[in-house]
Amino acid sequence: MAKAEFEIPELKEYPEIPPIQPGSMAHSKPFVAKNPDFMEPLGYPAELVDNWQEKAIEHMGDLLGKYRSLQVFLDACVKCGACTDKCHYYLGTQDPKNMPVARQDLLRKVYRRYFTFAGKYFPKLVGATDLTQEVLEDWYSYFHQCSQCRRCSVFCPYGIDTAEISMAAREIMDRIGLGQKYCNEIIGKVFKVGNNLGLPEPALADTLEGLEEDVLDDTGVEVKYPLDQKGAEILLVTPSADFFAEPHVDGLIGYGKVFHEAGVSWTLSSKASEAANFGMFIGSYENMRRISLRIREAALELGVKRIIFGECGHAWRVAYSFLNTLAGPFDFLDPNYPVPQHILEFTWGEIQKGTLKLDKSANDHMVVTFHDSCNVARATRMGDEPGGQFTIPRNVIKAVCNNFVDMDPDTIHEKTFCCGGGGGLLTDDLMELRVKGAKPRMEALKNVIEEHGVTNMAAICAICKSQFTKVLPYYGMGMDMIVSVHQLVSEAIVLTGQDTGDDDEQEDSTEDAA
Amino acid sequence: MSFLTVAFAALFYAATLLLVVGLARRIRLYWKTPAPLKIPTTPAPTTTGGVVLRMFREVVFFESLFKGAKWTWLFGWIFHMALFAVLFRHLRYFQEPVWGIVAWTSPLIKYLAFAMIIGLLGLLGRRIFVDRVRYISAPSDYLMLFLLLGIGVSGALTTFVAHTDVVAVKSFFRHLMTFNFATMPNLPSDPLMIVHLGLVALLMIVFPISKLLHVPGVFFSPTRNQVDNPREQRHIVEWARKLEQ
Numbered sequence: 001m002a003k004a005e006f007e008i009p010e011l012k013e014y015p016e017i018p019p020i021q022p023g024s025m026a027h028s029k030p031f032v033a034k035n036p037d038f039m040e041p042l043g044y045p046a047e048l049v050d051n052w053q054e055k056a057i058e059h060m061g062d063l064l065g066k067y068r069s070l071q072v073f074l075d076a077c078v079k080c081g082a083c084t085d086k087c088h089y090y091l092g093t094q095d096p097k098n099m100p101v102a103r104q105d106l107l108r109k110v111y112r113r114y115f116t117f118a119g120k121y122f123p124k125l126v127g128a129t130d131l132t133q134e135v136l137e138d139w140y141s142y143f144h145q146c147s148q149c150r151r152c153s154v155f156c157p158y159g160i161d162t163a164e165i166s167m168a169a170r171e172i173m174d175r176i177g178l179g180q181k182y183c184n185e186i187i188g189k190v191f192k193v194g195n196n197l198g199l200p201e202p203a204l205a206d207t208l209e210g211l212e213e214d215v216l217d218d219t220g221v222e223v224k225y226p227l228d229q230k231g232a233e234i235l236l237v238t239p240s241a242d243f244f245a246e247p248h249v250d251g252l253i254g255y256g257k258v259f260h261e262a263g264v265s266w267t268l269s270s271k272a273s274e275a276a277n278f279g280m281f282i283g284s285y286e287n288m289r290r291i292s293l294r295i296r297e298a299a300l301e302l303g304v305k306r307i308i309f310g311e312c313g314h315a316w317r318v319a320y321s322f323l324n325t326l327a328g329p330f331d332f333l334d335p336n337y338p339v340p341q342h343i344l345e346f347t348w349g350e351i352q353k354g355t356l357k358l359d360k361s362a363n364d365h366m367v368v369t370f371h372d373s374c375n376v377a378r379a380t381r382m383g384d385e386p387g388g389q390f391t392i393p394r395n396v397i398k399a400v401c402n403n404f405v406d407m408d409p410d411t412i413h414e415k416t417f418c419c420g421g422g423g424g425l426l427t428d429d430l431m432e433l434r435v436k437g438a439k440p441r442m443e444a445l446k447n448v449i450e451e452h453g454v455t456n457m458a459a460i461c462a463i464c465k466s467q468f469t470k471v472l473p474y475y476g477m478g479m480d481m482i483v484s485v486h487q488l489v490s491e492a493i494v495l496t497g498q499d500t501g502d503d504d505e506q507e508d509s510t511e512d513a514a
Numbered sequence: 001m002s003f004l005t006v007a008f009a010a011l012f013y014a015a016t017l018l019l020v021v022g023l024a025r026r027i028r029l030y031w032k033t034p035a036p037l038k039i040p041t042t043p044a045p046t047t048t049g050g051v052v053l054r055m056f057r058e059v060v061f062f063e064s065l066f067k068g069a070k071w072t073w074l075f076g077w078i079f080h081m082a083l084f085a086v087l088f089r090h091l092r093y094f095q096e097p098v099w100g101i102v103a104w105t106s107p108l109i110k111y112l113a114f115a116m117i118i119g120l121l122g123l124l125g126r127r128i129f130v131d132r133v134r135y136i137s138a139p140s141d142y143l144m145l146f147l148l149l150g151i152g153v154s155g156a157l158t159t160f161v162a163h164t165d166v167v168a169v170k171s172f173f174r175h176l177m178t179f180n181f182a183t184m185p186n187l188p189s190d191p192l193m194i195v196h197l198g199l200v201a202l203l204m205i206v207f208p209i210s211k212l213l214h215v216p217g218v219f220f221s222p223t224r225n226q227v228d229n230p231r232e233q234r235h236i237v238e239w240a241r242k243l244e245q
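Chains as they are written, first to last, in this note's numbering: chain W, 1 to 514; chain Z, 1 to 245.
Among these hints, one or two may not hold up.
Unchecked claim - Capping the alpha-carbon separation at 30 Å, the derived lysine-lysine pairs in BS3-like fashion look like this:
| # | chain 1 | residue 1 | chain 2 | residue 2 |
| --- | --- | --- | --- | --- |
| 1 | W | K189 | W | K305 |
| 2 | W | K120 | Z | K32 |
| 3 | W | K305 | W | K271 |
| 4 | W | K271 | W | K181 |
| 5 | W | K66 | Z | K242 |
| 6 | W | K29 | W | K415 |
| 7 | W | K192 | Z | K242 |
| 8 | Z | K70 | W | K109 |
| 9 | W | K29 | W | K109 |
| 10 | Z | K32 | W | K109 |
| 11 | W | K12 | Z | K70 |
| 12 | W | K189 | Z | K242 |
| 13 | Z | K67 | W | K398 |
| 14 | W | K29 | W | K55 |
| 15 | W | K271 | Z | K242 |
| 16 | W | K415 | Z | K67 |
| 17 | W | K305 | Z | K242 |
| 18 | W | K55 | Z | K242 |
| 19 | W | K224 | W | K189 |
| 20 | W | K109 | Z | K67 |
| 21 | Z | K32 | W | K66 |
| 22 | W | K109 | W | K120 |
| 23 | Z | K67 | W | K12 |
| 24 | W | K109 | W | K415 |
| 25 | W | K55 | Z | K32 |
Stated by the list, open to error - Partner residues are not named here, just some residues of chain W that face chain Z (Cβ under 7 Å, in silico):
| # | residue |
| --- | --- |
| 26 | I20 |
| 27 | K66 |
| 28 | R68 |
| 29 | D75 |
| 30 | A76 |
| 31 | C80 |
| 32 | T84 |
| 33 | P96 |
| 34 | A118 |
| 35 | L125 |
| 36 | S153 |
| 37 | V154 |
| 38 | D161 |
| 39 | G328 |
| 40 | G387 |
Simulated from the structure, these hints should not be mistaken for laboratory data.
For each residue, glycine too, the CB sits at the ideal point set by N, CA and C.
Generate the whole structure from the sequences, applying the supplied hints.
Set out below in structure tokens:
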């Protein structure tokens with residue numbers, strides 16, 4: 001097991017709702033963005049402004065006028081408690097301020113004090129408080145203990161989504177000069193270099209060339225991983241972790257093989273070399289829009305006809321739900337395809353068409369389960385039917401893999417538990433939170449390992465993959481358990497002309513792929 | 001006219017005004033505030049008809065709450081449905097002639113007062129005994145339950161234990177409604193009825209400035225009322241469009 005300076009939650013056979021332990025995570029705070037370079041390029045003051053209190057209230061008023069969600073959600077909560085046991089951070093830390101309603105109340109009590117009749121004149125009665133230094137510290141701590149996974153919103157009778165509240169709170173804090181280093185530094189890199197990891201064009205080209213060589217060595221087939229290729233049909237936008245991190249990169253190899261077999265031309269872009277959009281995590285429409293516009297510009301410059309996104313959870317939310325709003329209209333693309341598409345929609349389409357030759361037995365050494373990523377599950381769709389975001393990934397896995405098992409129904413589909421690292425929290429300075437927040441998912445995973453001999457968990461999100469790789473060892477499980485869905489596809493796919501060693505059956509299938 | 005009658009006449013006019021104006025202003029605010037992004041909690045309906053159906057299930061069956069907390073759902077749903085039924089029965093105190101359906105169902109519905117009280121007691125119990133719910137409860141959360149309990153219990157008492165001169169009460173309200181003060185009868189000075197009416201007026205007054213705003217709020221909740229079609233239809237609001245210029 002990995003070493004830790006905190007207690008690692010014990011995994012139970014049946015999930016339990018733990019008693020509250022007030023203040024148990026009050027010490028958890030991510031590093032503050034102290035370097036002006038992390039704040040100013042995003043349009044925020046370099047440090048906490050002098051009249052921050054006054055400014056924060058002013059910005060809260062501004063956001064209340066811009067977001068119906070915020071206005072309605074702050075008014076409508078009746079404190080019924082249905083959300084109190086739904087957050088993975090509460091279940092893992094027992095800190096009551098990690099109950100969604102209590103987290104919302106950190107903002108709501110200030111809203112009531114300054115914006116409502118009852119809070120102005122009867123603050124004690126309705127639990128309204130002034131915006132003090134102490135409250136601001138609570139904001140910084142607990143609004144960075146929300147991964148904006150929306151699980152609470154599934155169970156709320158009014159659909160109150162704590163993610164909306166966290167986003168607003170982070171935007172207010174950024175605007176008064178109290179930003180989170182991790183998110184803001186990354187956004188800065190996107191503006192400057194083009195991706196979260198700060199990989200410049202030559203490094204990307206080099207990496208992709210390396211991948212081509214690897215695939216050639218493995219299969220004897222020349223699969224291309226093109227960069228900035230004008231006139232390609234498809235622009236692939238994928239999280240930059242796919243370029244080098246494990247198991248992400250195996251997914252990228254898979255996308256390339258699928259495109260190759262489908263016989264479509266495609267390209268990556270060095271300008272839009274990042275699917276992630278951390279502008280969402282900090283609740284900034286302006287930054288989210290600026291990041292999204294790179295994709296539009298890249299699509300126009302390269303003259304592509306379609307845009308497809310790689311495996312990434314929140315990126316798919318921004319792409320599916322927001323891209324048309326932020327960077328549309330996409331009337332210059334081929335109207336026969338939705339804009340954008342998910343790589344799994346593409347792959348599932350090809351599987352249905354029969355263009356891919358698949359050898360499921362290549363994955364026979366695995367018993368696979370699937371982790372629904374929160375943003376994909378509760379904020380997007382795939383395909384034409386509601387719930388396609390659940391069926392399409394599973395259909396693809398089942399098409400390339402003989403052994404598939406789902407986890408406890410209360411922990412999958414729209415009830416899925418966050419990996420514990422989403423929403424801009426995937427940083428080492430929040431390790432305790434990440435480990436504890438992973439508890440409900442780890443519990444469900446452990447149960448299918450014990451009951452069904454599950455060996456691997458597939459995911460379709462760069463953050464989930466990185467988070468699990470890091471967190472699994474804390475719970476005594478192997479970090480390499482986590483695989484990309486397109487890694488499974490990649491293993492099973494038999495490329496046209498590939499020397500398989502045993503060329504027995506399947507001669508007849510899909511020679512006309514190209 | 002007695003002082004009590006005048007006071008309650010004034011009280012109910014004021015309460016009605018505050019309720020109607022307060023609620024209208026709030027609804028107008030929700031209506032006017034834009035929702036810049038598509039944020040339905042998915043899986044979500046892909047058509048407007050589907051959204052209407054989702055909202056119907058949410059408002060009538062409390063679908064999400066049912067998924068989330070069975071006991072709270074049970075007590076909450078019983079309370080709300082009983083309240084609506086009892087409110088419906090109260091039409092008989094304002095109508096002349098009384099609708100057939102109201103008169104016909106009245107003898108049965110009156111027993112739902114007990115369901116309403118049981119639902120409220122269940123919700124109160126949960127607030128007191130579940131540590132997580134106790135933690136999030138403000139004084140106003142308890143007071144709201146006591147207020148509703150007070151209304152329910154006082155109402156039930158006047159129906160089942162100590163009958164009040166309900167004909168006089170009805171006449172009082174009929175006169176209030178038609179602004180006919182010349183022949184307005186005195187409100188019976190029955191303490192139970194005074195408590196009942198006083199609490200109802202208080203409820204009307206606090207409605208637009210309290211968590212009872214969940215009533216209009218649920219219809220404006222973007223996670224529930226938006227159609228899942230962001231790829232098919234571009235969604236953009238005025239302030240966001242300005243950024244494009």
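Next item on the list: Enumerate the violated hints, using their earlier numbering and listing them in ascending order.
Entry: none
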